[in-house]
Amino acid sequence: MKALFVPLVVVAAAMFVYAPIAIANAPYESTMLLVQKVFYFHFPAWIAVTAGLVTCGVASAVYLFKGSARADRIGAASAELVVIFALFGIVSGSLWARKAWGVWWQWDARLTMAFLLELIFCGYLLVRKFGGPGAEKLAAAMGIFGAATAPFVYKSVDWWRTVHPKTSVMTSLTSTPGGTIMWGVVWFCAGAFLLLYVALLIARMRLQDLRAQIDQLYLAAED
Amino acid sequence: MSKRVAPILVSLFLLAAPLLAQQPPSAAQDGFVPANELPPGQQLPAAPFLIGAYAFFLGLMLFYLWTIWRRIGKVEEEMRALERRAHGGGR
Numbered sequence: 001m002k003a004l005f006v007p008l009v010v011v012a013a014a015m016f017v018y019a020p021i022a023i024a025n026a027p028y029e030s031t032m033l034l035v036q037k038v039f040y041f042h043f044p045a046w047i048a049v050t051a052g053l054v055t056c057g058v059a060s061a062v063y064l065f066k067g068s069a070r071a072d073r074i075g076a077a078s079a080e081l082v083v084i085f086a087l088f089g090i091v092s093g094s095l096w097a098r099k100a101w102g103v104w105w106q107w108d109a110r111l112t113m114a115f116l117l118e119l120i121f122c123g124y125l126l127v128r129k130f131g132g133p134g135a136e137k138l139a140a141a142m143g144i145f146g147a148a149t150a151p152f153v154y155k156s157v158d159w160w161r162t163v164h165p166k167t168s169v170m171t172s173l174t175s176t177p178g179g180t181i182m183w184g185v186v187w188f189c190a191g192a193f194l195l196l197y198v199a200l201l202i203a204r205m206r207l208q209d210l211r212a213q214i215d216q217l218y219l220a221a222e223d
Numbered sequence: 001m002s003k004r005v006a007p008i009l010v011s012l013f014l015l016a017a018p019l020l021a022q023q024p025p026s027a028a029q030d031g032f033v034p035a036n037e038l039p040p041g042q043q044l045p046a047a048p049f050l051i052g053a054y055a056f057f058l059g060l061m062l063f064y065l066w067t068i069w070r071r072i073g074k075v076e077e078e079m080r081a082l083e084r085r086a087h088g089g090g091r
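Chains as they are written, first to last, in our numbering: chain G, 1 to 223; chain S, 1 to 91.
If you are wondering where the hints come from, they were derived from the structure by calculation, not from laboratory data. No experiment lies behind these values; they were computed from the predicted model shown. Where a beta carbon is used, it is the ideal one built from N, C-alpha and C, also for glycine. Fair warning: there could be bad hints in the mix.
Sample of chain G residues facing chain S (criterion: CB under 7 Å; computed from the structure) [stated by the list, open to error]:
hint : residue
1    : V83
2    : K99
3    : I202
4    : M205
5    : L210
Between the sequences and the hints, there should be enough to build the whole structure, so can you do that?
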């Protein structure tokens, strides 16, 4: 994993350097014009959140049912990345909303559920930090339930009346002039975000591994 | 100090969010006009929001990388201190 870190960072950094050029050259969306370009980082941030949710959910389940300490460390690292990327998704969405809807925030289904998702994973991190002995198992359960909210967050725009565009807006964009180029740029940015996610996961795992080593050293010192 | 202030701030935030959520709609929301249908003079410029979003991303990532680097540094320092103590105790 550690050997992958440097190549991943280099490729992700190159993609993030090129991303603004690709975004600037992408065609304007016909109704929102310039501010729609927030989408090129907003949507990929939620793709990274989804990757984090899946990783955290699976790792938490493996830890709970198999007792794998490594899975626990992966779950903890992923949960922190979910908080970071979801924070960016919420803030970038709010900035976009201020221009497009005239308000910073609406308590509609999608936005409220995204906010609750953020709170669940903040809770996960707080439980791990202050929960005392056994907190890892409690946090793992939170990780599984937190990951289970992902489909509800995604489908909320279809199931409830909301100011946020429906999921079908994605496919409708492809049929617009320049839609293919727009989607090409979106998936390019999504690729950059996923590489960044993996690189950060490796860095965060290094911290978790070191903490595990130090716990071992303390235990050895006590014996 | 920060250990005392942080729980208070988090509690206030958690209490304030539901209170804000249940605010009755303001007069402005009653007479809703889509933002893109406002006269050009009343529309907000898009560039500050766009630049703000990308700047926030850059700032957030740099801050997060700094926190990881700082935490790894602290743990490594703690490991070195433990090793020094172990060697000192062994003499």
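Which numbered hints does this structure break?
-> The structure conflicts with hints 1, 3, 4, although it agrees with all the remaining ones.
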